[in-house]
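*Asks:* Each chain is listed here by its residues.
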Amino acid sequence: MQLKVINQVLTLEGELTKITVPSLYKELKKALKEEAVTMIDLGKVSTIDSAGVAFLDEIQEIISGKSEILLFKGAKPELQAVIDTFSTIKLKSSAPTSGKGYFESLGEMSLDFGKGLAEAILLSSDIFYYSLLGLISRKGQRKGSLTQQATLLGSQALPIVSLLSFIIGLILALQSGVLLKDFGAGVFLADLLSVTMVREMGPLITAIIVAGRSGSAIASEIATMQVTEEIDALKMMALNPIRYVVVPKFHAITIVMPILVAFSILVSEIGGGIIAIGLLDIAPETFLSRSINILTVKDIIISFGKSIWFAWVIVIIGSYYGFRVKGGAEGVGKATTSSVVTSIFAVIFFDAIFSLLYL
Amino acid sequence: MKKNSPIIEIRELEARYGEMTVLSDINVDIYPEEITVILGGSGCGKTTLLKNILRLYEPYSGSVKFFGDDILDMDEGEFREVLKRTGMLFQNGALLNSISVYDNISIPLEMHTQLPRKVIDKMIRVKLSLVGLSEAIYKLPSELSGGMKKRAALARALALDPHLLFCDEPSAGLDPITSAALDELILDLKTQLKMSIVIVTHELASIHRIADKIIFLDAGKMLFNGSLDDAKRAGIPEIDRFFKVGKF
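Respectively, the protein sequence lines represent chains B and F.
The opening residue of the first sequence carries number 13 in the working numbering; numbering runs sequentially from there.
The opening residue of the second sequence carries number -1 in the working numbering; numbering runs sequentially from there.
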């Protein structure tokens, strides 16, 4: 492919396609610096494709500032047909020239946030209302759904909750036990471990694991149902999707979360106990009695109260992102990720509030 | 390639899902600047044939030649070169949902050419204008209707000016007016851009409007390969019933 400018006529020769255009584009810029162009001769062009036509349009645009008239001549009829089909000159100007601006995006985000918050409040009130109603009447729920959800959200989470709690109890005892022993206060390890696990770490670790494991499952299940029109199908069968899908999860998690937290505390105490008895030479009965005696009824109530609150937060956030999903498979993935991130953030945020309120 | 030599030659193609044979004894020639329609009832193997021709499913046996070379003997690099000359419109569009329509069309242009950004921009705009979707240029696929998605997907399939275009049920789920407009567009592509087009469909109106040649499949076998008029005169009961009833 060749490009020449003689007497203000730009002559193109050979194939004008996506293969030749990149090099021609560089040559053109050089040529235009040396001489103005008022006409393009296409007589020697053998083939042209849409990239070639876009190149011609680009020449037109570059030159339009330098010379007033630009003419094409010599194009063969078959080339002219391709030029007519692919030329951007005739395109309507109604097509947007660029995407959304910064302020437009910012405004849209603010509006979305406000709308999302309102939707979340409405959804929460719906979930609480139908869950209370569900205690009186099981109407609108599938038989066995509570047991099924309790197994999914509770029993199946037990191994991972236990394992992680055991390791954390072990690490906590090891790190603090060594320090306490230096001060001759090794025996207080039982008190420290007990209070930390019951008031803070037990509910928090369990909630974070449940948010990651069960929260994502809730969000992806509802989101998939939404994109495959199953939620619409439920509505068409005169079933309330919240009552049918969310309420069994809400009831189940309210029951299983305190049980998971109790297991978490118990297993972490075993982990800590191994270090206390094996490494710090604390007598087993001393460890046990100090672990129990340090706790008050208030601690237990706060621990289980927190865990139930965290469970509700996880279900509401999972359901919110599930119902709000847009698009297909891509949307389901996004909803799941957002649900997990928001749930973990919310759990830690509310834990901080509880700690401040009930120090 | 000469105009009278086939652009695609399929010989003794057999396709299987596990142990089950879904297509057998498929012998087809597809010529340049022709619209070939693969038709037949639901589940007869139309889409499977298309996906075997394009190696989206690996054929069990037989040969598929594109532009004279057997694609089943090609390595990945060689087959990629063939694919650059081929466009595919999937049944549901198969647009990448996380990016805009503009970016969907720019992918093949950015990946397979060294064209300047401004030229690519113009090509995207003109392809979208061809399919009548200029206004939706920065929209996400999730913001488009079914018909719009198909048109955007067609614009993406046309991005690299393919010699060959494959369409899997382009009219399915579209209203008659949109469907007719899409057929017009396909006819324009054939005449103005000298494209060869292979379409899988069972929409009778569409077949009558665009088909130069038809391949009729039934239960994984090819019952007919020829012109639409010849098919109607062939006296094959399955084909007669298809055209009489409209759809299986």
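Check the hints yourself; a few may be wrong.
[Unchecked claim] Calculated lysine-lysine pairs in the PhoX-like style (CA-CA distance at most 20 Å, straight line):
#1 F:116 to B:38
#2 F:137 to B:338
#3 F:188 to B:112
#4 F:188 to B:88
#5 F:137 to B:42
#6 F:116 to B:41
[To be verified] Derived list of chain B stretches under chain F, where covered just means 3 residues or more per stretch with a C-beta under 8 Å from a C-beta of chain F:
#7 50 to 64
#8 279 to 293
Hints were generated in silico from the structure; no laboratory data involved.
Each residue gets a CB set at the ideal place from its N, CA and C atoms; glycine is no exception.
*Asks:* Could you work out which of the previously given hints the structure breaks and list their numbers from low to high?
*Replies:* 3, 5 and 8
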